[in-house]
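Take these sequences, add in the hints, and give me the full structure.
So the protein lines, in turn, are chains E, F, C and Y.
Read in the working numbering, the first sequence has 261 at position 261, and its numbers run on one by one without any break.
Read in the working numbering, the second sequence has 313 at position 313, and its numbers run on one by one without any break.
Read in the working numbering, the third sequence has 217 at position 217, and its numbers run on one by one without any break.
Read in the working numbering, the fourth sequence has 126 at position 126, and its numbers run on one by one without any break.
Keep in mind that a hint or two might mislead.
A pair counts as met if it fits within one copy or between any two copies, since identical chains are not told apart.
Here are the computed lysine to aspartate or glutamate pairs in the EDC-like style, where the Cα-Cα straight-line distance is at most 20 Å [said to hold, decoys possible]:
| hint | residue 1 | residue 2 |
| --- | --- | --- |
| 1 | 165 | 262 |
| 2 | 206 | 301 |
| 3 | 165 | 217 |
| 4 | 206 | 217 |
| 5 | 206 | 278 |
| 6 | 165 | 139 |
Everything labelled a hint here was simulated from the structure, so no lab data went into it.
Number of protein chains: 4
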Amino acid sequence: MTLSVAILGATGYTGGELVRLLSRHGGVHIAHVTSERYAGQPLRHAFPHLTGTPELICQPLGGLDGVESLDVAFCALPHVASMREVPGLLERGVRVIDLSADFRLHNAETYREWYGTDHLAPGLLAEAVYGLPELHRTEIPTARLVANPGCYPTSVLLALAPLLKGDWIDPSAILIDSKSGVSGAGRSANQEILFAEVEGGFRAYKVEGHRHTPEMEQELSLLAGVEVRIRFVPHLLPQSRGILSTCHLRPRVVRSQAEWRETLWHFYRDEPFVQVLEPGRWPATNHVRGSNLCHIGVTIDTRTGWLTVVSVIDNLVKGAAGQAVQNMNRMFGLEEQTGLEQWPLFP
Amino acid sequence: MTLSVAILGATGYTGGELVRLLSRHGGVHIAHVTSERYAGQPLRHAFPHLTGTPELICQPLGGLDGVESLDVAFCALPHVASMREVPGLLERGVRVIDLSADFRLHNAETYREWYGTDHLAPGLLAEAVYGLPELHRTEIPTARLVANPGCYPTSVLLALAPLLKGDWIDPSAILIDSKSGVSGAGRSANQEILFAEVEGGFRAYKVEGHRHTPEMEQELSLLAGVEVRIRFVPHLLPQSRGILSTCHLRPRVVRSQAEWRETLWHFYRDEPFVQVLEPGRWPATNHVRGSNLCHIGVTIDTRTGWLTVVSVIDNLVKGAAGQAVQNMNRMFGLEEQTGLEQWPLFP
Amino acid sequence: MTLSVAILGATGYTGGELVRLLSRHGGVHIAHVTSERYAGQPLRHAFPHLTGTPELICQPLGGLDGVESLDVAFCALPHVASMREVPGLLERGVRVIDLSADFRLHNAETYREWYGTDHLAPGLLAEAVYGLPELHRTEIPTARLVANPGCYPTSVLLALAPLLKGDWIDPSAILIDSKSGVSGAGRSANQEILFAEVEGGFRAYKVEGHRHTPEMEQELSLLAGVEVRIRFVPHLLPQSRGILSTCHLRPRVVRSQAEWRETLWHFYRDEPFVQVLEPGRWPATNHVRGSNLCHIGVTIDTRTGWLTVVSVIDNLVKGAAGQAVQNMNRMFGLEEQTGLEQWPLFP
Amino acid sequence: MTLSVAILGATGYTGGELVRLLSRHGGVHIAHVTSERYAGQPLRHAFPHLTGTPELICQPLGGLDGVESLDVAFCALPHVASMREVPGLLERGVRVIDLSADFRLHNAETYREWYGTDHLAPGLLAEAVYGLPELHRTEIPTARLVANPGCYPTSVLLALAPLLKGDWIDPSAILIDSKSGVSGAGRSANQEILFAEVEGGFRAYKVEGHRHTPEMEQELSLLAGVEVRIRFVPHLLPQSRGILSTCHLRPRVVRSQAEWRETLWHFYRDEPFVQVLEPGRWPATNHVRGSNLCHIGVTIDTRTGWLTVVSVIDNLVKGAAGQAVQNMNRMFGLEEQTGLEQWPLFP
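Listed below in structure tokens is the structure:
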């Protein structure tokens with residue numbers, strides 16, 4: 001079986017990563033790629049590193065009519081643009097993995113509050129599955145529409161799920177200090193992410209509130225069984241890839257460091273992509289670069305009582321394109337690791 | 001008046017920065033520099049960027065006998081090495097600005113606990129002045145021995161002092177998430193700080209406990225008037241210079257963002273080196289690079305009640321050599337800004 | 001005496017560097033700054049690192065009427081825009097230091113050929129002085145219009161001048177392989193210079209021909225007394241600042257490495273900003289960062305007969321703003337080093 | 001068939017890259033890895049990014065006796081260390097791919113001249129095959145000992161082979177200006193390659209002569225059929241991976257840019273890893289990162305007559321470990337691309 005796939009928005013970083021991964025997947029044929037900016041041009045003009053992959057000519061949005069029957073579409077468009085396209089794809093019988101924020105929140109009102117615009121397809125919100133396989137594995141195989149999680153939420157939810165599910169921590173005192181590589185800000189020209197502005201220029205941003213917050217709160221609330229609110233502060237790293245989230249938590253019980261580690265290790269013992277590190281070892285973003293892996297470390301500070309969980313992912317892989325491929329594999333009954341086997345690139 | 005100064009440990013990054021600043025100070029003659037590794041060689045062999053400064057030949061430690069009368073010695077040696085040298089300098093009548101950790105803690109037992117070795121000159125601990133001019137300005141002019149603060153503590157204490165002094169925040173819930181450039185790890189060859197290990201490799205380190213913690217707790221306790229314990233987690237940035245500290249705090253009162261900003265602004269309104277940013281603007285490490293400045297931003301998250309203060313400094317300037325020069329200026333009755341006037345280097 | 005100056009185009013990297021340097025110059029009052037993008041806003045919105053400098057509000061171009069009497073204007077506009085403004089400034093009696101390419105070439109036809117547009121003020125080309133003080137020092141004091149050299153040409157001309165002037169090398173076999181930091185590409189938003197495109201992505205560009213070529217050929221021909229053509233290939237470095245030019249030359253005589261070094265050393269022995277390095281030491285861009293210095297190394301490969309000269313400058317200082325200040329100092333009878341005394345920032 | 005392999009020197013960057021590639025090769029079992037520094041420890045202590053690969057415990061050198069029958073050993077030791085181990089391996093019947101410089105030169109006297117020490121196994125020099133498959137494909141299948149080319153030579157030879165073989169250029173005027181990422185300098189602690197020394201610090205090094213020169217001259221002479229001497233100047237880039245070589249050449253004939261490109265394209269038209277770029281496109285190191293690809297661009301400067309060829313590779317893949325795997329594949333009759341299929345990682 002070969003799946004026929006489309007990638008909408010193929011010339012951003014997430015789109016390029018989808019092509020990189022799917023070109024070596026083995027069970028996929030990329031039938032259609034879109035890009036407004038590069039419409040009519042071969043994809044390699046946008047991504048010279050993909051020179052040598054099967055020739056793909058970028059199409060403008062809306063030209064699906066002549067395209068062969070599609071099994072699945074990856075929607076790597078900006079939010080709003082995405083919810084304009086998705087309903088039409090579903091009507092054609094194409095299953096969709098949406099990498100934007102448009103279908104992650106189940107509540108249209110919350111969407112409006114954080115994204116400042118009305119949702120255009122609120123009827124799909126109940127149906128969309130939040131595509132974090134480690135939490136929603138059983139719902140994915142039958143989903144028509146999978147909402148691929150945000151990069152920050154992926155790093156945070158993997159760090160916190162075992163603790164909130166087990167009722168080990170105080171859900172009213174969750175503080176997340178996250179740091180992301182610049183590729184998370186996209187590929188559009190913008191003075192703030194020019195090389196000379198970013199090199200040596202670590203900074204906090206959106207300290208007053210980041211749009212990934214409600215998505216994390218929704219999933220954490222589901223895990224905890226109570227309404228959870230978190231304080232989330234993102235920062236911009238002078239590096240292209242990687243997210244590291246430092247999660248500061250208040251435990252509800254007294255346990256040793258070994259016991260805390262055991263809780264996380266046990267939760268993820270059968271997961272192919274989540275690794276709980278040995279005691280004394282801490283994650284680094286270049287230890288997962290280019291891979292779909294998540295590394296997690298944990299410690300308890302007995303002086304102050306704070307529990308610290310640190311997780312890293314590659315924001316473009318486990319935080320976006322890799323997780324989307326993992327979802328596709330699961331939607332179509334393939335091994336979840338298919339096409340995601342390569343080890344991280346270090347250094 | 002020209003001050004005659006010595007720099008002990010001149011070929012590490014802090015030493016080089018002292019030479020850079022003092023060479024353009026105008027009121028200083030560098031009479032003596034030491035380096036074990038470069039003993040007998042001109043300083044420019046260690047620091048080609050200082051080619052053209054007055055010729056200085058590195059001496060081994062302990063060769064002060066032939067040296068002209070010194071007014072002040074900057075001790076940029078590792079801890080332990082520093083407390084071996086300082087008593088002898090003071091006996092000669094040389095005032096000392098020590099940049100190591102050896103004289104920052106007033107309590108010899110706390111020193112032993114965190115540094116794992118007995119203090120060799122405990123009798124000097126009561127006398128040493130903690131050289132953060134913004135907090136201890138009046139004690140510095142008469143000090144024989146100034147303990148220059150650590151880089152992390154400088155960034156954290158400047159962020160928190162106005163809030164703890166005014167009793168605005170809960171001293172039992174202080175959480176500091178700090179990020180430092182690599183130069184903070186020193187200039188000794190070490191696989192962990194090779195370029196290829198650090199590029200793209202943001203990470204947390206010493207999550208279980210960093211030695212700068214007791215120094216911060218000592219000063220914060222003095223400010224608050226009660227014993228303060230903090231949770232402090234440091235991280236390593238893929239950039240050479242800069243520290244950014246994100247301080248997460250619980251307020252004791254309900255106030256607006258404008259009021260919180262006003263508190264900080266008022267506290268520092270006459271300080272030459274501390275700038276509280278306009279609302280909506282956040283500090284970045286490359287906005288203070290090469291300067292003795294500290295930029296601070298503050299906001300209150302009304303959803304969760306957390307107060308966030310973000311500060312940045314250049315770890316080698318305000319976090320080390322620049323602050324040492326500021327202390328020297330104050331010790332000898334000069335304008336504090338002398339030799340520290342240059343604006344940051346951006347980009 | 002305090003000079004009253006204007007900076008046209010103050011919110012690009014070169015403009016910001018002019019403000020940084022002139023704010024600490026001591027003999028200058030910045031009376032007027034322009035920026036189309038930030039018109040009406042304080043300059044610190046464009047450059048937060050200049051927070052604390054005297055308040056400057058950006059003006060649009062063309063609003064000089066209410067401005068106090070100006071002594072000199074720095075024109076840091078793009079080419080073409082510059083030659084639209086300069087004639088009017090000169091008519092007002094304002095001396096001009098132009099940092100664009102518009103007045104560097106003496107020949108309007110050559111300008112048209114390389115810049116693809118007619119020159120709008122060809123009558124000024126004969127009058128404009130090419131502002132490389134090391135070559136044209138005597139012409140600068142009386143100049144109304146100084147054309148500040150390009151960044152690449154500064155690095156190349158300083159490397160080659162002693163050799164071409166002395167007739168030591170074959171002027172028909174000059175090959176220059178240059179590498180520049182990204183700030184040389186300006187501050188306008190452009191996908192090609194986003195952080196994620198540049199990090200780890202060293203590349204050659206404009207291999208078919210770069211516009212700085214005729215400027216170098218003009219000056220090298222003057223030095224050699226014959227028409228000189230060079231092969232010049234530029235590259236883009238993953239760093240913000242710095243240019244390193246590797247110059248490959250064919251000698252006309254057999255001489256030792258020490259003799260070649262002596263030739264360069266002798267030529268620059270009285271120059272404040274050019275340093276010929278000791279044998280065995282080679283320049284690095286971070287050894288001149290933030291300073292107006294140029295470091296040069298030279299060697300002869302006896303196996304193949306190639307002579308190699310390597311030079312480095314900070315492209316924004318000696319390659320732009322610093323050299324402009326040096327020119328201003330000379331135009332107004334000040335010490336050339338005034339305001340340019342700080343040592344490089346390393347690391 | 002599964003090949004049983006050993007990796008000697010597994011904890012340097014090249015060794016880690018061999019494990020990364022071979023772990024996903026499909027036809028290989030890694031039976032033995034050595035490391036003096038990490039002897040007795042799991043390999044993941046040296047390379048946390050390989051956490052999750054089959055458990056490998058590092059052994060000291062010399063402990064092969066208990067090891068199962070080996071098909072091939074990759075020798076990723078420093079030079080000299082390598083030629084101490086290789087003869088013993090061959091005697092055991094193990095085929096060897098040596099990644100050091102020890103068996104690349106056919107002439108023991110040349111080795112002594114450039115490496116400053118006598119060759120310990122000169123009898124093997126005639127037998128060793130220079131493992132650049134694009135040039136020596138037919139000799140590799142039967143080789144007992146393959147000398148894997150240096151990183152710089154790989155980038156240079158691929159750029160020049162079509163031109164020298166076809167007698168298109170003057171072999172007496174070859175000038176190579178190469179730039180390498182820092183990982184080429186190895187993983188041993190060394191002040192010169194610390195992050196803070198390298199960031200922003202592009203520089204030339206070994207300008208007087210680099211040891212890769214004779215290796216290039218040997219192969220270029222074979223191609224040209226005459227003795228070739230080149231001028232080679234290496235530089236150090238502030239990035240971890242990648243080599244870009246700018247080759248400056250004098251043509252022997254007048255041809256158009258399209259013709260020059262055609263010559264290269266035709267030479268490599270059946271090669272899986274070498275891509276000659278479209279006119280107007282130039283290689284960048286991040287377009288081949290993590291892959292075994294080589295990108296090449298070419299142009300003729302009609303003003304000066306210089307022909308310019310620019311090539312890029314990933315120094316750790318096509319310049320080391322990837323090429324070694326390609327050689328292994330060819331030695332054992334596998335498809336050359338096996339295990340080397342992944343596309344480059346960008347950004």
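Taking the hints in turn, this is what the structure says about them:
no.: 1; hint: 165 / 262; result: within (14 Å within a copy, 41 Å between copies)
no.: 2; hint: 206 / 301; result: between (29 Å within a copy, 11 Å between copies)
no.: 3; hint: 165 / 217; result: within (14 Å within a copy, 34 Å between copies)
no.: 4; hint: 206 / 217; result: within (17 Å within a copy, 29 Å between copies)
no.: 5; hint: 206 / 278; result: between (33 Å within a copy, 15 Å between copies)
no.: 6; hint: 165 / 139; result: within (18 Å within a copy, 53 Å between copies)
The structure fails none of the hints (numbered hints given earlier).
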